[in-house]
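Number of protein chains: 4
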Amino acid sequence: MCRWLAYSGTPMLLDTILYKPVHSLIDQSLHSKLGVETTNGDGFGVGWYTETEETDTPAILRDIGPAWNNRNLREIADHVRSPLFFAHIRASTGTAVQQTNSHPFRHGRWMFMHNGAIAGFHLMRRELCLLVDPALFADIEGTTDSEVMFYLALTFGLEEDPPAAVAAMAGVVERAGRAHGVEFPLQMTLAVTDGERVWAFRYSSERKSRSLFYSSRVETLRRLHPDVAFLKDVSDETRLIVSEPLGDLPGAWNEVPESSYGVVQPGADALFPFAPAGA
Amino acid sequence: MCRWLAYSGTPMLLDTILYKPVHSLIDQSLHSKLGVETTNGDGFGVGWYTETEETDTPAILRDIGPAWNNRNLREIADHVRSPLFFAHIRASTGTAVQQTNSHPFRHGRWMFMHNGAIAGFHLMRRELCLLVDPALFADIEGTTDSEVMFYLALTFGLEEDPPAAVAAMAGVVERAGRAHGVEFPLQMTLAVTDGERVWAFRYSSERKSRSLFYSSRVETLRRLHPDVAFLKDVSDETRLIVSEPLGDLPGAWNEVPESSYGVVQPGADALFPFAPAGA
Amino acid sequence: MCRWLAYSGTPMLLDTILYKPVHSLIDQSLHSKLGVETTNGDGFGVGWYTETEETDTPAILRDIGPAWNNRNLREIADHVRSPLFFAHIRASTGTAVQQTNSHPFRHGRWMFMHNGAIAGFHLMRRELCLLVDPALFADIEGTTDSEVMFYLALTFGLEEDPPAAVAAMAGVVERAGRAHGVEFPLQMTLAVTDGERVWAFRYSSERKSRSLFYSSRVETLRRLHPDVAFLKDVSDETRLIVSEPLGDLPGAWNEVPESSYGVVQPGADALFPFAPAGA
Amino acid sequence: MCRWLAYSGTPMLLDTILYKPVHSLIDQSLHSKLGVETTNGDGFGVGWYTETEETDTPAILRDIGPAWNNRNLREIADHVRSPLFFAHIRASTGTAVQQTNSHPFRHGRWMFMHNGAIAGFHLMRRELCLLVDPALFADIEGTTDSEVMFYLALTFGLEEDPPAAVAAMAGVVERAGRAHGVEFPLQMTLAVTDGERVWAFRYSSERKSRSLFYSSRVETLRRLHPDVAFLKDVSDETRLIVSEPLGDLPGAWNEVPESSYGVVQPGADALFPFAPAGA
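Chains as they are written, first to last, in full-length UniProt numbering: chain A, 1 to 279; chain B, 1 to 279; chain C, 1 to 279; chain D, 1 to 279.
For the record, the hints were derived by calculation from the structure and aren't laboratory data.
Nothing here was measured: the structure is a model prediction, and the numbers come from that model.
Below 20 Å or equal to it, Euclidean Cα-Cα: the simulated DMTMM-like pairs (lysine to aspartate or glutamate) are:
| # | chain 1 | residue 1 | chain 2 | residue 2 |
| --- | --- | --- | --- | --- |
| 1 | A | K33 | B | E37 |
| 2 | A | K232 | A | E219 |
| 3 | D | K33 | C | E37 |
| 4 | A | K20 | D | D56 |
| 5 | D | K20 | A | D56 |
| 6 | B | K20 | C | D56 |
Isolated chain A (complex conformation) (with noise of 0.2 Å):
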């Protein structure tokens, strides 16, 4: 199980949304609160936009040792700037521990990033890979259930339709699950974005996922905080979604319900439910 965290909003030094924050990502990597496994040590990775549109591609840092004590990320988060980035911690479910399998994983545009498993992913490993689009397969190069998701959302659209793709990856996961006894099959708290826009989604199998949250809208935040000097810095669109709340501010951070997706963009975020398609 892992640690995660999406912004997009006002152009924000790395370190301010990584480092600062009272339960910081970098500090849940030692001390998660609500997380399965109390350490993410076993690698790390960071994947943002650059401001002037250098290339076509987000940049990715990614690690195999733990965040909390790495000097590149640190030096990363006190000089890179970023209008849309994710973060990421792992803790393997005994998978390889290795810079392949460190999220968030890329395919031109796009990041992907995921927290959870696959139960008895062992079992259907191949069979999902074979659904992964043949000319898709070979660039796989980790060994996660979580790179598979991709690949498989990739291979069903999600370039196109991300809310569809996802629900037909989680659809052929939990048949495929379910085919060899696999009672819930699926655990999923998972974000990808184009550049533009946040999808981020909260579903389980057994309906009872992973701690995913959502900040409040910076308007209402300013008139319940009007003292927090960082709100006064950040433009109206801006938002964050995190798999544990950053800190304690009161009215900050909401729930994302069982079973729905939100979705971050230009004009007004949303957030609908999510099943699985073909189910």
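Starting from the structure of chain A, add chains B, C and D where the hints point.
Same frame as chain A, but now just chains B, C and D:
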């Protein structure tokens, strides 16, 4: 702060001691109960003497990630048998996470490992380094207070009289600390060995030392627990010294008293009071 | 491309073979003479059987940096003695530098290592993976062509008849390659062992295979070089197979002929022609 | 020994300088032509100032493996634009391969990198360390001669007068070396910067200094090579200083003369003779 373990006795597969116990050192790397930090994931090391004297020195495997997911440590534990070995898991108190800062440290046939800290080390690093024998100074490879403690002990005759040398080192550290206005400069549980005997010290300026335990005599444990298979396989001379008990076998673990040191050696082991020299 | 070495014979400190020779494998990691690449710095591995059967499997130490500066490899070489070991240094042909892509690979008591490549592997990775026994598929941990070759050989009966299984694997790879329009799909020197015997293969579709040498019979070498101390210490059964000669002792090294394989075994070793199956 | 590169001028994607040239620094990490070692695979570093002053310090990414296969370096190069950056690839002369031994080193706004060595450094490490300002001593994190040279230069006023401070450092090193009977104690090409100006020194006690080149004036190159697109995009102030030419564009590269130093700065750059102080 850190956790460590010293084993001396019947040649044993490292796995038996490092991984198999309920609350093994590997488990402590994620879930320390008595340590200052729950997580000890900032590097680790294991040093062992071979059964046949391949070389004059113990072998040392050290790495910078957590012990709990390290595959090379797992391999060594599964395939190496040793009559005397040290293992250490590190929680950095700020210095860099690098191989040369992982314990145990080695000098010829000697190994050294430490849990604790010199309070205000940054302030007195230079003057403590100056007290190291100039012939040894250039061999210091890392930046920890622990390694400087080792080199000070070597300077003060560790290879001739370990308790006197450690006492001299502790005295020097306390005087340096107090000169800088540090009330309680030294906190240490440490172990040294020449491959024949193991000396284990528990001391702190504040007289609130980190936890340290030694295993009971094997004969006694056999009488108490005639059904424990492990006890039948090991000689009467077998002894463990550990930061935390590896399990909760009644009667198995005894606290090393405050301000004292023990010697594990051929024949009867012994326990003595410890005080810094020239205090 | 890569370089490798297989040793079988009198139990030997790894250092004697890995570091001591003038043009040792460690030297080849920086200065390969016969390899496609001068530098082999993209990870390494060493796998050894213990003298006393600690476990059913060989020990494997693998890491991601260069061999030439790796301290843990140096420690193992200085302190481990083995009657049969493999060592491998990697020059990536593009796939990720990660522990699971370093050789040797292991399955139960078996080890496997490879130098060469499947030309166009990216194109046919999926179909080759599909030919792997479904019961084995989920154990694939890395992303190299070499590991897929290993799993194909396992699928085709490596544990029962290594030469037939490797021939079947080679046949499958060549047919897949040619179906994709690749003229010379396979380039390989590879070694497999069960801890008792070593099989070493030299083959390429183009019949221009990478270099492979075997050491002369120890009796012969002793007559030629009565002054070489090393030769007095080793049994007549001792044999080395290497990508490049480890030195220039006259008469010591013999090229494994194109399209052939050798078996190092108790009793007389043997050399046979090799051809892919069903070609 | 090592190779390095300093860039100052029009803000540039790091990739353009680090990877794109025919004989780029990344290529030099595998195939150095003018270095003492062909391979520079013992760690690397890149340090850059951001275009917008995010913080008072440059960002530094350092790692312990080779540069040529490092994915995080590739990501940074593809996504970071900077008006002034240093890059360094290391070939260890014996000291540990660890992050704190990779260049560039940093102190506040200052960066420092070095190619060369202090001959007999092991002998005089202690006395050179003693000459470091006690207020700075405890900040030394690694074990290289290079870092001690940096701290000596800081001690002697690097932040006020870099050429005088480097001359003082060089003088101290030469005197210490000669006192130990070392004929030619110092070999160095080094670069320092405060983010505005770059000072690059070429000197050796033997007057056979490692190679160092600076790029010709951009206006001159534009006239010589009106077809080279790169030259149209960069300002007249743009300058590169490199251990080895990055390609063979006629007229592009000029050797820094023996025993001299150059200053890259707003306005006209300048070249001066260099000699150790108090020699």
